[in-house]
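Put chain G on the given structure of chain C with help from the hints.
In order, the protein sequence lines correspond to chains C and G. For the record, in the first sequence the residue sitting at position 40 is 40 according to full-length UniProt numbering, with numbers rising by one throughout. For the record, in the second sequence the residue sitting at position 123 is 123 according to full-length UniProt numbering, with numbers rising by one throughout.
In silico EDC-like links for lysine to aspartate or glutamate, alpha-carbon gap of 20 Å or less:
no.	chain 1	residue 1	chain 2	residue 2
1	C	Lys54	G	Glu237
2	C	Lys77	C	Asp159
3	G	Lys100	C	Asp94
4	C	Lys2	C	Glu371
Treat the hints as calculated values from the structure; they're not laboratory data.
Chain by chain, the residues run as shown.
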Amino acid sequence: MKAIVWQGTNKVGVETVPDPTLLLPTDAIVKITSTAICGSDLHLLDGVIPSMEKGDILGHEFMGEVVEVGRDVRRLKVGDRVVVPFNISCGVCDPCRRGLFSACDNSNPNHRMAEALYGGVSGGGLFGYSHMYGGYAGGQAQYVRVPFADVGPHKIESDLRDEQVLFLTDIFPTGYQAAENCGIVPGRDVVAVFGAGPVGQFAARSAQMLGAAHVIVIDRVPERLAMAESAGCQVINYEQEDVLIALREATGGRGPDHVIDAVGMEAHGHGPGALVDTAKQRLKLSFDRITALRWALLSCAKGGTVSLPGVYGGLIDKVPMGAAFAKGLTFRMGQTHTHRHIAPLLSRIEAGEIDPSFVITHRASLDDAPELYKTFRDKQGGCIKVVLNPWA
Amino acid sequence: MSKDRPTPPPETSPPTTEPQTDAAGQLPALERSVMGSVGMALMGAGLRSARPLQKIVLGSVGAGLAAMAATGRNPLATALKIRQTPQGEVLVSDAVTIGKPADDLYRVWRDLAGLPRLMTHLKAVEVLDERRSHWTVEAPTGTVSWEAALTADEPGRRIAWAALPGAAVENHGEVLFRPAPGDRGTEVAVRLAYRPPGGSAGAIAARLFGEEPAQQLRDDLMRFKREQELGFAPTTEGQSSARAGGQA
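Okay, chain C solo, but in the shape it has when bound (with noise of 0.2 Å):
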């Protein structure tokens, strides 16, 4: 089969591999119909995230129609068109019970890198991105193989289209709780938005969906800002204006009740905090790259939230976290839970009340993949999100 791999830091390849086969009882295989490029998919192009192996297979957001379950699959059969989430979760360990699906004890058979790393515990596995989170081949390929069948996939029954039910797989999720991690007092709280990527966009019109008084967004991007502004959100171009100026001023001096860094590790902004931060990501001396954050936390109202849906990796210094004290913020962060968000972002899909396929402004086969994540990557030609169909 046809599927994008990983060759190295900024080389992204088309290849043909061997198909996937069933590896376990609990296994699938999905014949894959449509995926897309993700903005964390970027930080594996870049090569900031460690442990990614040449030929590795990339790709987290995918959905197409089950084409084998192994002998213990109970739920899906051959034939059913499915969402598949990121994150791979087994259903049955403690933190997949209380709903805490990003965390699974037990789906990273890697755990003892992620533990090395991350104070002795690993998350679950991920499809398609590095060996830390399992090194699971991924399914931006013409079909995959999916692990836990009858936890993860989600069926689709409706006669909604693949662009429309596609982002449940990651993007919509990962807004929707960066916005539900808020706490959002509905009529009450302002939410500004750092970053006006897909993440970003999605997180903007879930707070708008959870009742928030008010929604800003910020970026550099005017393409991006433009798609925020659609939505009713007001925007700020931070190359343009002072972003802690303009959020005050917007906020009657207060500030945003609750912020959103869908950033995360590889912030551009500018300043002598940004050259740092970049001097020491390419010296190795540091993973992440922290404006957003700095920002974020500076411009946050007393009592207020820090969610951060952005991915992180390592450590970071020079957070202003005297500011984050003397206001009293809470952080929310993680991976994305997405196994329980699915049915009721469908529903509310299904309801009318958001066509996720708004964020889409490139379609392409797996050929032009290569291509597209640099396209994506440097936000040119207006790019905001890819969607490839890995047959045409």
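Only chain G this time, still in chain C's reference frame:
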């Protein structure tokens, strides 16, 4: 099942079922005198050396060894996170929470002959009678075996054992089964203590050759948890990739 166990040590202290000869926390006397002589020799060589770098390196390594001999402590062992009991044994311990009742998990462990399925570096355990068993493990130098006896057996709570005198590797250990708070199942805690051949230097050598008892125990406990909770181990072995042969 044997009830004639010696008084079990309190759960919070390391297992102490073997007589100890060294002063608490000290390296064995032979190891200290070897270290002291080698350290002094290196320091001498360093001082005599005409090359400044050699002077510094030999001098400081020598001084380090001499200091270890003088204080009876091995800071290299500490730096490599080799934990030692006050009796000078190497201590390895870890714990895992498993969503199963303590009685079920205890029964799996109490079947000593089945332990090699849980602990992959264990080659075989042969049950000789109610108390005694014969253990064989894989070591870098080949297989090592000894006889061990149960020193405590409290169904659903605790199993402890110790190698009988004359074992190639003196060792003892215990596994505790404690109910986890809430509905989370059982906390399984394992503590193993052994005297590596060659003292702390032997433990460091083993570590440098890639033998990581702490990692082995962690892997064994995670394998046990997954076996109990899932009935299998998740894997990516044999999946497709663009590497040679197309396998992961």
